[in-house]
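Participant: If you want the building blocks of each chain, they are given just below.
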Amino acid sequence: MQHLLRLFVQRLALGLLTLFAVSLVIFLSIELLPGDVAQQVLGQSATPENLAAFRRELGLDLPAHTRYLDWLGGFLQGDLGTSLISGIPISDLISERLYNTFFLAGFAALISVPLALILGVVAALHRDTLLDKSINVATLTAISVPEFFVGYILVWIFAVELSMFPSIANLSEDAPFTDRIYRTFLPALTLTLIVTAHMMRMTRASLINLLALPYVEMAQLKGASQRRLIVIHALPNAIAPIVTVIAINLAYLIVGVVIVEVVFVYPGMGQLLVDSVAKRDFTVVQTACLLFAATYILFNLASDLISIASNPRLLHRK
Amino acid sequence: MKKYTSGLQIGRRGFLTGSAAVLGLSQLPRPAVAAPTKGGTFRVSVNQGGTSDTLNPAEASGSQQIMVGWALRNNLTEIGSDNKLKPELATNWSSDDAQTWVFKLRQGVTFHNGKTLGTEDVIASLNLHRGEDSTSGAKSLLAGVADITAEGSDGIKITLSAPNADFPFILSDYHFQIMPVGDDGELDLSGTGTGGYTLESWKPGVKTVLKRNPNYWKEGAANFDTVELLLISDSGAATTALVTGEIDAVQSAEYKTLGLLGRDKNVAIESISGGFHPTFAMQSSQAPFNDNNVRLALKYGVDREALVKKVLRGHGTVANDHPVAPSMPYFDASLEQRAYDPDKAKFHLKEAGLDSLSVSLSVSDSLFAGAVDSVTLFREHAAPGGIDVQVAREPGDGYWSDVWMKKPFFTSSWGARPVPDMIFATAYSKGGDWNESEFSNDTFQQLMLAARSELDEAKRGQMYGDMQAILKDEGGSVIPFFRNFVYARRADVSHSEDVASNWALDGYKAIERWWKV
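In the order they appear, the protein sequences are chains H and F. Numbering that gives the first Met the number 0 numbers the first residue of the first sequence as 0 and each following residue consecutively. Numbering that gives the first Met the number 0 numbers the first residue of the second sequence as 0 and each following residue consecutively.
Careful: at least some of the hints might be erroneous.
Quick list of in silico lysine to aspartate or glutamate cross-link-like pairs, EDC-like style, CA-CA up to 20 angstroms [said to hold, decoys possible]:
hint, chain 1, residue 1, chain 2, residue 2
1, F, Lys206, H, Asp131
2, F, Lys37, F, Glu227
3, F, Lys210, H, Asp173
4, F, Lys202, H, Asp69
Treat the hints as calculated values from the structure; they're not laboratory data. Because the structure is a prediction, the values reported are computed rather than measured.
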């Protein structure tokens with residue numbers, strides 16, 4: 000247990016270092032992009048005169064390292080700053096979008112994780128039967144198609160033809176929870192179709208590997224049922240690889256869904272990030288990217304900790 | 000459309016109900032017959048703007064900011080549905096010499112916060128776009144303003160440094176919205192205005208909710224109880240949402256899906272001709288474009304009819320290498336239309352001492368739908384004339400800062416202007432900030448200045464005709480066509496017989512002009 004705690008603290012410290020490196024890389028990348036905020040906002044109406052006024056107003060005429068250190072100083076003191084362009088505090092800008100993103104990711108995860116696990120176990124139980132093959136073909140088909148296409152197909156079936164669900168999310172702040180579920184169902188279903196295959200196949204493969212081991216054979220010879228064999232004897236030993244894959248997929252649900260957001264006009268973090276990069280709104284890009292990086296780091300950390308905790312050999316190693 | 004554009008106007012005639020043609024809707028009553036009815040919610044989607052948009056009209060560009068701005072606020076003058084200049088917060092204006100203008104303010108108009116409209120509000124709102132520290136995209140439009148003062152309690156006197164007979168048109172530009180001065184003497188940029196709607200919630204890039212202003216001064220306007228304006232950048236998502244009834248109108252419909260969309264009885268398509276046009280601009284001070292024969296060769300090398308037919312699917316009209324659309328005032332119909340003629344292109348190349356010409360034309364699809372297709376077709380058209388036009392595809396991100404006016408030969412796009420002077424002064428005036436083709440012609444320059452102070456309409460028309468001819472024969476831009484605004488609405492949303500053609504969605508004023516049946 001102490002080992003686990005030490006690992007946790009170590010990894011957390013490393014994570015912070017990673018975040019710092021990420022912020023530096025992002026800042027430099029944005030500096031490398033052609034044009035700056037002033038030019039992107041004014042567009043064709045930019046003249047040397049009003050560009051200069053704009054830059055003065057935003058402090059863009061200061062050297063790059065000064066701007067970075069100013070931002071970092073504020074950030075370390077818990078001040079996320081304001082959007083360069085709209086002047087809205089970034090915490091306000093991001094909080095609702097972050098909630099939307101987590102809501103959609105959570106919704107999709109609630110459907111896809113149990114679904115993938117069950118399908119994986121069922122496929123392993125009925126290995127090489129028609130059922131196993133159908134599950135494989137169906138999930139692989141869903142993952143092989145580009146995600147926007149999956150989205151359009153679902154819109155066509157459920158919104159245009161059947162009129163069961165709305166084609167765009169169009170959330171209102173004060174909408175009741177059930178309405179939110181209803182309006183986000185199609186995007187959540189799209190994401191489910193995209194992430195299920197990966198998790199399902201890892202579950203199935205890990206179980207099948209374990210089923211070939213002597214201890215499973217022993218349990219079988221003692222008369223354990225197929226179901227008991229898998230759920231009680233094999234599954235606990237398959238936790239590590241499965242959790243790793245689930246963590247990667249959950250992180251993907253949070254940071255990788257820009258295209259699904261576009262198709263369903265869903266106001267999440269991805270769209271905000273794309274907008275901000277296009278406008279070179281560096282403060283917003285920084286904060287959004289750091290949140291994304293932190294998400295990856297935390298999910299990876301969690302999956303490592305669970306893997307170790309689930310394996311007594313790692314937990315109590317000498 | 001990042002282009003700085005001002006208000007616009009264009010002829011009303013371009014209005015064709017595409018849906019009626021496709022759908023056989025002609026038996027249905029024309030929407031124009033019904034009088035506006037109040038009530039309902041209007042959900043409209045736009046595709047220009049983002050999360051960082053603000054309510055400051057000095058920084059406005061793109062439909063999200065313009066439409067919300069005009070729902071909340073008014074200008075002194077506006078372009079009406081019939082494309083004519085109309086009084087808005089000014090009831091009338093006058094000038095003896097086109098240099099000193101006096102605008103009389105409408106009386107008894109109140110802002111959403113209860114303040115009565117006064118001269119101080121107008122002066123502060125216009126001064127937002129003036130002065131050294133102004134970041135306004137419309138700064139250059141007011142560059143000729145020497146002084147703005149109050150005259151009595153209801154008059155605004157604007158003195159120009161040189162005469163400009165079109166000055167009242169300039170004030171209809173979307174930047175020049177009138178906002179109240181607060182108790183602290185600062186201009187209130189938070190969305191308070193005299194407009195038909197008040198701001199319920201403003202989430203740029205997502206959704207803006209507006210409520211009808213019960214005290215709106217304009218008769219028969221602001222008919223919807225509630226308006227939701229959504230930003231939907233994916234045209235597939237916007238079209239689907241229109242078809243499934245999630246929204247009531249979209250800013251832009253894609254040519255490729257118009258046929259399918261037109262079959263839906265619940266959807267009406269609008270195709271409105273206006274002054275929106277692309278240019279293939281050459282930096283005409285540099286070789287090889289400094290030889291007018293080279294410019295003429297390129298102008299003869301483009302098949303305009305084919306571009307209108309193939310790229311615009313007929314939703315546009317051919318242009319004649321000058322930016323004055325047939326629907327604009329002072330359009331010279333007697334000027335001969337230049338036709339596609341590879342032999343003449345070859346002839347002019349020879350005159351320039353060249354056997355063949357190879358140029359690279361920069362373009363990005365972010366300029367307008369079909370931009371890259373237009374240039375690719377131009378390449379095919381120009382080849383028989385001995386001209387090799389290489390298609391240089393540039394990223395849309397950063398196009399205005401890194402390609403436009405930086406490359407020797409590039410594609411650009413311009414919104415409609417209500418009068419020729421505004422586009423001439425913006426894009427063809429010697430030394431102008433946006434003179435993209437580096438056009439420099441003394442006769443043109445003199446005519447432009449003279450026309451501004453000429454109050455005799457016939458003489459003015461003659462001058463503008465001469466200027467169109469100069470641009471056509473000597474200008475540094477190939478202007479192939481004027482593009483229609485093509486957009487769609489649910490059939491249960493109605494509007495008057497005239498639809499403004501300065502912008503899509505009834506000059507971006509559908510929110511206050513349309514109604515639900």
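Participant: Next, verify each hint and record whether it holds.
Facilitator: Here's how the hints hold up against the structure:
no., hint, in the structure
1, F:Lys206 x H:Asp131, "violated (45 angstroms)"
2, F:Lys37 x F:Glu227, "holds (16 angstroms)"
3, F:Lys210 x H:Asp173, "holds (16 angstroms)"
4, F:Lys202 x H:Asp69, "violated (28 angstroms)"
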